[in-house]
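K.L.:
Here is how the chains run, residue by residue.
There are 4 protein chains.
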Amino acid sequence: MAKSKFEYVKQFESEDKCLPNCWIVVRIDGKSFHRFSDVHHFVKPNDDRALNLMTKAAQCVMEEYKDIVLSYGQSDEYSFVFKKNTSVFNRRGSKIMSNIVSYFSSCYVFYWSRFFNVQPLQYPPSFDSRVVLYPSDKNLRDYLSWRQADCHINNLYNTCFWKLVQDKGFTPAQSQERLKGTMSSDKNELLYQEFNTNYNNLPDVYRKGSILIPSKEKAVESKPMNSTYPNTKEPHRGSVSFSNSLDHGTKMNPKIDVLHVDLIGEKFWEEHSNILTSR
Amino acid sequence: MAKSKFEYVKQFESEDKCLPNCWIVVRIDGKSFHRFSDVHHFVKPNDDRALNLMTKAAQCVMEEYKDIVLSYGQSDEYSFVFKKNTSVFNRRGSKIMSNIVSYFSSCYVFYWSRFFNVQPLQYPPSFDSRVVLYPSDKNLRDYLSWRQADCHINNLYNTCFWKLVQDKGFTPAQSQERLKGTMSSDKNELLYQEFNTNYNNLPDVYRKGSILIPSKEKAVESKPMNSTYPNTKEPHRGSVSFSNSLDHGTKMNPKIDVLHVDLIGEKFWEEHSNILTSR
Amino acid sequence: MAKSKFEYVKQFESEDKCLPNCWIVVRIDGKSFHRFSDVHHFVKPNDDRALNLMTKAAQCVMEEYKDIVLSYGQSDEYSFVFKKNTSVFNRRGSKIMSNIVSYFSSCYVFYWSRFFNVQPLQYPPSFDSRVVLYPSDKNLRDYLSWRQADCHINNLYNTCFWKLVQDKGFTPAQSQERLKGTMSSDKNELLYQEFNTNYNNLPDVYRKGSILIPSKEKAVESKPMNSTYPNTKEPHRGSVSFSNSLDHGTKMNPKIDVLHVDLIGEKFWEEHSNILTSR
Amino acid sequence: MAKSKFEYVKQFESEDKCLPNCWIVVRIDGKSFHRFSDVHHFVKPNDDRALNLMTKAAQCVMEEYKDIVLSYGQSDEYSFVFKKNTSVFNRRGSKIMSNIVSYFSSCYVFYWSRFFNVQPLQYPPSFDSRVVLYPSDKNLRDYLSWRQADCHINNLYNTCFWKLVQDKGFTPAQSQERLKGTMSSDKNELLYQEFNTNYNNLPDVYRKGSILIPSKEKAVESKPMNSTYPNTKEPHRGSVSFSNSLDHGTKMNPKIDVLHVDLIGEKFWEEHSNILTSR
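Chains as they are written, first to last, in my numbering: chain A, 635 to 913; chain B, 635 to 913; chain C, 635 to 913; chain D, 635 to 913.
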């Protein structure tokens, strides 16, 4: 069969290599998760099951792609940071972003029931993904700071919003109206005065999101899942080891640490200085 | 919180709009499916369950993205053709390819048990995806012809290969050696002489792959799944309507026709002339 | 010397191949030509010397790059259309656009004195360039129509503007004010009523710009330059053959026809049907 | 006139913004300069007139584009380094590369006679250009080292080649044969033994190329051109100030220093530490 006659169409594919010596960040983002969270009765403003499932899927991605030096997640998004000089998929942007988002999505569905138990997944969710390059360490840190600041801002708002709705019987519209134009300090005050809630005592995972990094300790055999996210502030390190009895093949299950700490300040980067120097 | 201070990092995202007035093709491809098919005991050379699951996932994608005018699948790959002037995701390549591959992967896992029954999915599979642009109708047809020719070539080879292994007790190496340098005609002859098999009588789905197009008939309410792929050559049109009781929302379930016919020649395009003229 | 140690930096260069089977248009545009035309006392609204020099430079470009099937120029811009399947510079966008604009600029300075005689070039001018791809013939024609419509609109405005300034003593500000909000018909009326000028009788080169195409007749030896742009409307074809005694090498000097005709309607494309079918 | 009907074609233009926070390097390169140098009787292996003209054009480019912090030239090429955070042309790659190469070409022709006197320019030369991004200072330095190492390697070879041809009567083929497989040390030895030439005593401009940087001293009024390139090794700094009586406008003529020194080692970067820290 005249295969060669058609093969010229391969020339229409374009190369999309990522510039060398840049941090490659892949961010995945839930599509229409407002509706998805309604259909699946997510607890508002934060659903532990959903957050844990996101983190489980991210952990799987990190186990599969060893060049990811850090992942950061909040709400229905996760960012994966590949080391600057990774040669994964020969640095082809499409390959990287598509494989990551595909595997993440696949894991999300695969592990759904582990986190949601008898509550069935009503329909297959999807995520988009993008690749962004950051030339300098400062740019990368600022990117992560941007996402964590976003987590804080949204969570503070959502916490207030749902308190008004759930505890005071506000309609969503009333709640929105009440919060319009308020500053962070106003919202903190609102929580304290009206709901006797100190925002800073809320679980770190809600306020800081989740940072995943390969454990410095030697990887060990996986153990049965234990409590994932400590609700107390200490210790920050959630040393998670989800059991993954379905893990394919014989490869070692590297331990991934899950942290819910500030990464905007210097402290995190001083304690984990190896992240930015990874080759 | 100094959100604005970090927001400059958004400028590092690059635009990747697809050239207007070109056919946008998204091809997804199974990652390491050789291993995946081994682990899951796929029947060789073709596993109906796996092919049907691929097609089910593709059908879901088409139901979600109405601007897809045709999809073509074979083995562990599927191509989705968006109409030339689609404005889906504002024609942003990353958005398109990531959403498609994410939803496809998600569906694949979600519907696994419907096709594989009690055989469990051992681990989450993944797919890559790419976007390719084709300026002319001829280019697009040549692309699809390329994939269908590829289907034919691989299937003829695999059919011979597995006959030698399964019926004659060849080792894979011996089988490969036996087929080295053979032409299509040699392989047809081999099947006929040694296995009393007329290649052209094998199921169309194996030899031609699967073409999915929106049904010309008005969309109807979905019915219980019936036999998907006729093993006889007639009728070509498998008028499939997988039941999708989990279908989210109230939107109509458009019927997608599944065909296993030649698309290299003129006939298909004459019968479905609306595909290339879709606006 | 450790050359290899540094050569890795070549990997930072990115490929930028133009999508196959698209018309490649390179448009060059004068940089700060408002000032340039002032400094060099260009006749307003149209300076024949400047227009002829632009066309001379464009002609040189076409003689050098045989895959250009048509060029269109007006004011301080020129567009070069490469045939759809050109493999010039392996279709690398940067190579194409940089070589064209470099050679055009070089020619502009080189031939300056031939058109401006004793009036010296005061400083080296520059042009920018860009590559745009057009998938279909219709898109390409619409592109050229866009440029010619632009020529008409600007020329009508400028003709009125300078009549008011030159013949009526308006200041530029007064002239601008007078024309604000006027329609094409108003401007035609203004010219006719106040300046006894029938816009349609103005030279074609001003109203239509310049279309350059390879002569259908066999290329002949170049002859001494004769009048380039007929001021009368007929004949449209200016069968130009600039003498180019400095022409490098022995290659034949292909004749380039210079036309000042409408290319928005069907007539031009019917008479020159070979342009769109060039392979 | 239906302008709007055609304006949709603007959407086919694609954005090509350079990644922020990267060094932008534009390299221009003579097209077919082998032939150009033959036609214009360039002195081999190095023609001072041609080198000076290249540097003059590069100087003009730097005077026009203040965000260029360093240029490096050798033979028929020049590299222009824009500061990391330049917003020139909104960082659009096409705009940057086309304007630079256009202006360079224009200047080359414009100033030809100043350097070649009565010897006329036979035909308009052209250059190509490309944009390359370097994320880190080390990458940028390695890029420049690559070009300077290239200068050295080529010059050593060419010096030997032309000595054999000019002093020994070798044919080019014989000369090439003689040098095949030789190492740097062999070539140095050849020059010393057979031509009594110490390679290291050859003019710096030939061995090191030309580095252009804005003078640290305050820009002064331009003076008549004096000798550009000292043939003695000291001082390295050629404090050039080409007279540019045609300089357009009133803007100050910033002094550009021309150096012919090593930039591979640390010394240059220590003495000019401001280059890499330019904001």
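The reader is advised that the hints may include incorrect statements.
Identical copies look the same in the list; a pair holds intra-copy or inter-copy alike.
[Claimed, not checked] For lysine to aspartate or glutamate, the following EDC-like pairs were computed, each having C-alpha atoms within a straight-line distance of at most 16 angstroms:
| hint | residue 1 | residue 2 |
| --- | --- | --- |
| 1 | K639 | D776 |
| 2 | K821 | E811 |
| 3 | K665 | E711 |
| 4 | K729 | E711 |
| 5 | K639 | D710 |
| 6 | K814 | D663 |
| 7 | K639 | D672 |
Worth flagging that the hints you see were computed from the coordinates, not collected in a lab.
If you're wondering where the values come from, they're calculated on a predicted model, not measured in any experiment.
K.L.:
Hint by hint, say whether it matches the structure.
P.N.:
Checked hints:
In this homomeric assembly, K639 and D776 come within 16 angstroms of each other (Cα to Cα) only across copies, at 8 angstroms, whereas the closest approach inside a single copy is 50 angstroms. Taking identical chains as interchangeable, the C-alpha atoms of K821 and E811 lie at most 16 angstroms apart only when both belong to the same chain, with a minimum of 13 angstroms there against 54 angstroms between chains. For the homomeric pair K665 and E711, the shortest alpha-carbon distance inside one copy (10 angstroms) is at most 16 angstroms, but the shortest distance between copies (23 angstroms) is not. For a Cα distance limit of 16 angstroms, the shortest separation of K729 from E711 across copies, 15 angstroms, qualifies, whereas the shortest one inside one copy, 20 angstroms, does not.
Taking the shortest Cα distances, K639 and D710 never come within 16 angstroms of each other, neither inside one copy (46 angstroms) nor across copies (23 angstroms). With identical chains, the CA atoms of K814 and D663 are never at most 16 angstroms apart, being 26 angstroms at best within one copy and 47 angstroms at best between copies. With identical chains, the CA atoms of K639 and D672 are never at most 16 angstroms apart, being 51 angstroms at best within one copy and 33 angstroms at best between copies.
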